[in-house]
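Sequences and hints are given; from them, build the entire structure.
Just so you know, the protein sequences line up as chains A and B, in that order. At position 54 of the first sequence (counting the first as 1) the number is 53 in numbering that gives the first Met the number 0, and the numbers step up by one without a gap. At position 52 of the second sequence (counting the first as 1) the number is 51 in numbering that gives the first Met the number 0, and the numbers step up by one without a gap.
There's no promise every hint is true.
Label-pair ranges, simulated between beta-carbon atoms [claimed, not checked]: (1) N6(B) - E153(A): 31 to 41 angstroms; (2) G77(A) - L14(B): 25 to 35 angstroms; (3) A53(A) - L93(B): 20 to 30 angstroms; (4) H48(B) - A57(A): 33 to 43 angstroms; (5) G77(A) - G35(B): 29 to 39 angstroms; (6) D85(A) - D17(B): 14 to 24 angstroms; (7) V93(A) - D17(B): 17 to 27 angstroms; (8) V93(A) - F102(B): 25 to 35 angstroms; (9) R10(B) - D85(A): 44 to 54 angstroms; (10) Q79(A) - G5(B): 50 to 60 angstroms; (11) R84(A) - G35(B): 41 to 51 angstroms.
In case anyone wonders, no lab produced these hints; they're calculated from the structure. Values in this document were obtained by computation on a predicted structure and should not be read as measured data. C-beta: ideal position from N, C-alpha, C; glycine also.
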Amino acid sequence: MLRRALFTSALASFLAACGKTEQVPEAETETPGKMAGKVDAKLAELGIELPEAATPIAAYTPIRKVGNMVYIAGQGPGNQGVVGRDYTTDEAYVFARDAGISVLSQLKKACDGDLNRVVQCVQLQGIVRCTDDFTEQHLVINGTSELFRDVFGEVGLAARAAVGTNSLPVGFVCEVIATFEVRDA
Amino acid sequence: MNSSTGNINDRIRELGIDVPDVETPITTYAHTRTVGNLVYVAGQGAEVHGKIGRDFTVQEGYDAARSSGIVVLSQLKHALAGDLNQVKQCVELLYYVHCTDNFTEQHLVMDGTSDLF
Chain A
0 MLRRALFTSA LASFLAACGK TEQVPEAETE TPGKMAGKVD AKLAELGIEL
50 PEAATPIAAY TPIRKVGNMV YIAGQGPGNQ GVVGRDYTTD EAYVFARDAG
100 ISVLSQLKKA CDGDLNRVVQ CVQLQGIVRC TDDFTEQHLV INGTSELFRD
150 VFGEVGLAAR AAVGTNSLPV GFVCEVIATF EVRDA
Chain B
0 MNSSTGNIND RIRELGIDVP DVETPITTYA HTRTVGNLVY VAGQGAEVHG
50 KIGRDFTVQE GYDAARSSGI VVLSQLKHAL AGDLNQVKQC VELLYYVHCT
100 DNFTEQHLVM DGTSDLF
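Encoded structure:
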């Protein structure tokens with residue numbers, strides 16, 4: 000259930016004792032080349048051309064890999080401003096989608112160019128720069144979530160948190176931080 | 000079963016907590032994602048709207064954080080096919096408090112979730 004104007008929000012991860020949980024989908028039997036083509040074809044269908052993965056603007060690395068997990072540093076859109084003052088929710092939705100495209104560029108690099116290695120989007124944190132009384136952060140961050148769903152299907156939807164803040168680096172409208180599970184090459 | 004705490008379901012009953020079953024659909028996010036033995040639970044909020052430091056006290060915020068934690072437990076239970084005894088540990092907890100600019104007791108508010116767990 001979506002909750003507006005979160006009073007408090009808790010985002011948690013737990014270690015469970017056994018593997019009686021959802022199964023990781025079986026790896027596709029197609030050749031890696033064809034698999035890569037599938038997601039690329041989806042991106043083309045959506046009219047999305049992934050830009051070169053952005054280089055860091057400060058002291059951090061855009062990608063970290065641990066086993067089959069890929070952690071992607073916060074990505075913002077090319078727009079600056081405050082939602083609720085400079086932009087509407089619908090306008091900011093598009094910026095969140097753009098930030099998601101930057102995430103996909105980093106992810107593709109992490110997957111050595113083969114986005115079909117993505118098993119699922121595990122976790123997504125969306126931070127929206129907004130006015131004090133703005134309460135539609137979740138609708139803004141849907142721009143990222145729906146992009147990932149359109150590209151990867153249901154597995155593109157993450158365990159997510161969307162929050163607001165008064166300020167972000169270089170004036171970004173929003174910032175998204177994502178973690179993906181990927182298959183071995 | 001976690002030997003240090005006994006049966007979790009008994010403990011929840013002792014605390015007088017109702018962890019409701021959840022059957023919420025996936026819309027634009029997943030309530031939980033599982034990778035190996037790690038369960039990631041999406042951000043969960045309390046059904047209370049307002050700012051701490053203006054509309055609510057720290058204690059009221061604590062109670063709301065506890066309520067948020069119960070929703071986390073519901074989602075976790077669903078992810079574990081109803082068996083919270085599978086939980087070995089809570090690995091990480093991230094929280095946000097909707098508060099006034101000069102409020103500095105976020106940690107005391109979120110003890111509501113931590114104390115529950």
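Hints, one by one, checked against the model:
{"no.": "1", "hint": "N6(B) - E153(A): 31 to 41 angstroms", "result": "holds, 34 angstroms"}
{"no.": "2", "hint": "G77(A) - L14(B): 25 to 35 angstroms", "result": "violated, 49 angstroms"}
{"no.": "3", "hint": "A53(A) - L93(B): 20 to 30 angstroms", "result": "holds, 25 angstroms"}
{"no.": "4", "hint": "H48(B) - A57(A): 33 to 43 angstroms", "result": "holds, 35 angstroms"}
{"no.": "5", "hint": "G77(A) - G35(B): 29 to 39 angstroms", "result": "holds, 36 angstroms"}
{"no.": "6", "hint": "D85(A) - D17(B): 14 to 24 angstroms", "result": "violated, 44 angstroms"}
{"no.": "7", "hint": "V93(A) - D17(B): 17 to 27 angstroms", "result": "violated, 41 angstroms"}
{"no.": "8", "hint": "V93(A) - F102(B): 25 to 35 angstroms", "result": "holds, 33 angstroms"}
{"no.": "9", "hint": "R10(B) - D85(A): 44 to 54 angstroms", "result": "holds, 50 angstroms"}
{"no.": "10", "hint": "Q79(A) - G5(B): 50 to 60 angstroms", "result": "holds, 54 angstroms"}
{"no.": "11", "hint": "R84(A) - G35(B): 41 to 51 angstroms", "result": "holds, 43 angstroms"}
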